[in-house]
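> The residues making up each chain are set out below.
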Amino acid sequence: DAGVTQSPTHLIKTRGQQVTLRCSPKSGHDTVSWYQQALGQGPQFIFQYYEEEERQRGNFPDRFSGHQFPNYSSELNVNALLLGDSALYLCASSLQGVPAYEQYFGPGTRLTVT
Amino acid sequence: RKEVEQDPGPFNVPEGATVAFNCTYSNSASQSFFWYRQDCRKEPKLLMSVYSSGNEDGRFTAQLNRASQYISLLIRDSKLSDSATYLCVVNPRSTPLVFGKGTRLSVIA
Chain A
19 DAGVTQSPTH LIKTRGQQVT LRCSPKSGHD TVSWYQQALG QGPQFIFQYY
69 EEEERQRGNF PDRFSGHQFP NYSSELNVNA LLLGDSALYL CASSLQGVPA
119 YEQYFGPGTR LTVT
Chain B
13 RKEVEQDPGP FNVPEGATVA FNCTYSNSAS QSFFWYRQDC RKEPKLLMSV
63 YSSGNEDGRF TAQLNRASQY ISLLIRDSKL SDSATYLCVV NPRSTPLVFG
113 KGTRLSVIA
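Chains as they are written, first to last, in the working numbering: chain A, 19 to 132; chain B, 13 to 121.
So that you can see chain B by itself, here it is in the shape it has in the complex:
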């Protein structure tokens, strides 16, 4: 089983749609969780951290369920500029970041 698994995608959605990405992780000792965004042929950039209490940043909401080892990202009112690959990232204790394969999102006008 891979350490971090994500929806395969791609997701093609119209502008204004709500889209949800899911991610599961296998290492129950993992302590920190993140979503990164990667534009085509660019480096990944931190989008937001994920907490058990859930956290929101504008149109983006991230949620963590430790019992199910499940992470989600919800994007509301999708914009064309949201088109990118979204990487689920887990940080087990004292180890480097572990990235999922990423899910590609295309927002269509």
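One chain only, chain A, in its complex shape:
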């Protein structure tokens, strides 16, 4: 049983570019949350998707957008990249309605913006 998978593992982009990160949830999970973890910081919640809709959103600008597909996989898109967007992006999956701590994190995508 595969856990949460994310792609790519690492990514280097230039300021102003756009990036798309991908996440496949753990088998049987229907909810995907995205977090940003800057160096030396804890993960910060970006948004959560369930039934292909954004259900909750953290304090992130509109440059951050997402999508969930019918198979529950999800994408995180970031437009007009800034140097400050360099971080580890974590995807977490869960079943809707379970406590927030019952979510499984993927290994993350490390994004470097130069």
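These are calculated hints, taken from the structure and not from any lab test. Being a predicted model, the structure only gives us computed values, none of them experimental. Quick reminder that beta carbons are idealized off the backbone N, C-alpha and C, glycines included. Treat the hints with care, since some could be wrong.
[Stated by the list, open to error] If you want the footprint, here are the derived chain A segments under chain B, 3+ residues with CB under 8 angstroms:
hint, region
1, 56-63
2, 66-72
3, 122-132
Use these hints to put chain B onto chain A, whose structure you have.
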């Protein structure tokens, strides 16, 4: 004031030592509390939940003081394998997890 604040660390301790991490939270409506462990360049993983009555899991003891809005984690008989970053996490009602910045622990032989 940040929602969750932790000791800045890093903590460098010898094997066998006892080490304590402290954490405070600002949202008095918070309902659930946890400690997560994150190894270098890996994803965070749930270490243990924290209850007002205190809970213990082997060498690890977690404690919650709701009146002071304070959470602690005690690690006894530290092992080299305990070296990691420990994240204090709070879950206010109907909101996602709120993570502290984490405290890095290095256990030295």
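> If a hint holds in the structure, say so; if it does not, say that too.
Now for the hints, and whether the structure bears them out:
1. 56-63: holds (count 6)
2. 66-72: violated (count 1)
3. 122-132: It holds: at least three residues are needed, and the region 122-132 of chain A offers 5 whose Cβ sits within less than 8 angstroms of chain B.
The earlier numbered hint that this structure contradicts is number 2, and it is the only one.
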